[in-house]
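> So the chains spell out like this:
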Amino acid sequence: MTNDTKGPIVRIQSEDFDTAQILQQATKDNSNIGAVVTFTGLCRDEGGKLAALELEHYAGMAEAEITRIAERAFAHWPLDQLIAIHRHGKIAPGENIVLVIATSSHRQAAFEAASYLMDFLKTKAPFWKKEHLIDGTSSDWVDATDKDDEALNRWKDI
Amino acid sequence: MKILYFAWIRERVGFSQEEIDLPPQAQTVETFLTWMKSRGEEFDYALEKDGAVRIALDQEHCNDFSCSLEGVSEIALFPPMTGG
Numbered sequence: 303m304t305n306d307t308k309g310p311i312v313r314i315q316s317e318d319f320d321t322a323q324i325l326q327q328a329t330k331d332n333s334n335i336g337a338v339v340t341f342t343g344l345c346r347d348e349g350g351k352l353a354a355l356e357l358e359h360y361a362g363m364a365e366a367e368i369t370r371i372a373e374r375a376f377a378h379w380p381l382d383q384l385i386a387i388h389r390h391g392k393i394a395p396g397e398n399i400v401l402v403i404a405t406s407s408h409r410q411a412a413f414e415a416a417s418y419l420m421d422f423l424k425t426k427a428p429f430w431k432k433e434h435l436i437d438g439t440s441s442d443w444v445d446a447t448d449k450d451d452e453a454l455n456r457w458k459d460i
Numbered sequence: 162m163k164i165l166y167f168a169w170i171r172e173r174v175g176f177s178q179e180e181i182d183l184p185p186q187a188q189t190v191e192t193f194l195t196w197m198k199s200r201g202e203e204f205d206y207a208l209e210k211d212g213a214v215r216i217a218l219d220q221e222h223c224n225d226f227s228c229s230l231e232g233v234s235e236i237a238l239f240p241p242m243t244g245g
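Those protein sequence lines, which keep their order, are chains A and B.
First residue of the first sequence: 303, per the working numbering; consecutive thereafter.
First residue of the second sequence: 162, per the working numbering; consecutive thereafter.
These are computed hints drawn from the structure, not numbers from a lab.
It cannot be assumed that every hint is accurate.
[As the list claims (entries may be wrong)] Derived BS3-like pairs: lysine-lysine, alpha-carbon spacing no greater than 25 Å straight-line: (1) B/Lys210 <-> A/Lys426; (2) A/Lys330 <-> B/Lys210; (3) B/Lys198 <-> A/Lys330; (4) A/Lys458 <-> A/Lys432; (5) A/Lys449 <-> B/Lys210; (6) B/Lys198 <-> B/Lys163; (7) B/Lys198 <-> B/Lys210; (8) A/Lys392 <-> A/Lys330; (9) A/Lys351 <-> A/Lys392; (10) A/Lys426 <-> A/Lys392; (11) A/Lys458 <-> A/Lys351; (12) A/Lys426 <-> A/Lys449.
All chains, full assembly: derive it from the sequences and hints.
Pasting the structure below:
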């Protein structure tokens, strides 16, 4: 993954990603990175009940919206890189859903930017999760939670 | 105008997108939604939960339903998002 022009890297894809490989690319040839924060969101099995999650997305807007969020983070914190990868389609328990990597000279910027990006991504990126249960009895859409909306409050001055 | 539907709003409408001519009264998001609900039972059912319908105009969130649709070419209707 190359990043010739300074700015976030955003990818929306159905295939899995290799966190270690992306991490290695992100820090390669830059010895001034002092902090790397990596967040990976995985699919839970909800206590053994879930067979798979199906992630529907709004192609085009998903990439555009995550890029807008990432650009705000990039403008606010002194970051070296900000990478977001979000999968769509059917995802089994234990598999990756989302990856955020923030690199910076110091840890605070990396922690905060990664957290900011995830908080906004949860409620503003156009993805919708549908649960498929193991017993096959039902499949339903996951409800948005107030907790996710409230998480945005701490960033209201940014 | 291209209209896109996602998640359970798509399921209730019965399809994922359509191309339609908007009537003259649909000048803002609000009047557009009122007209949409009057198009038939499936639209009324899909859009019945007022607080649960999110709108994007040309792939950007619209939080102000008094927003004009002038110059817009794509409207998306969807429930609250559950990404991440």
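> Can you give the numbers of the hints that this structure goes against, from lowest to highest?
2, 3, 4, 8, 11
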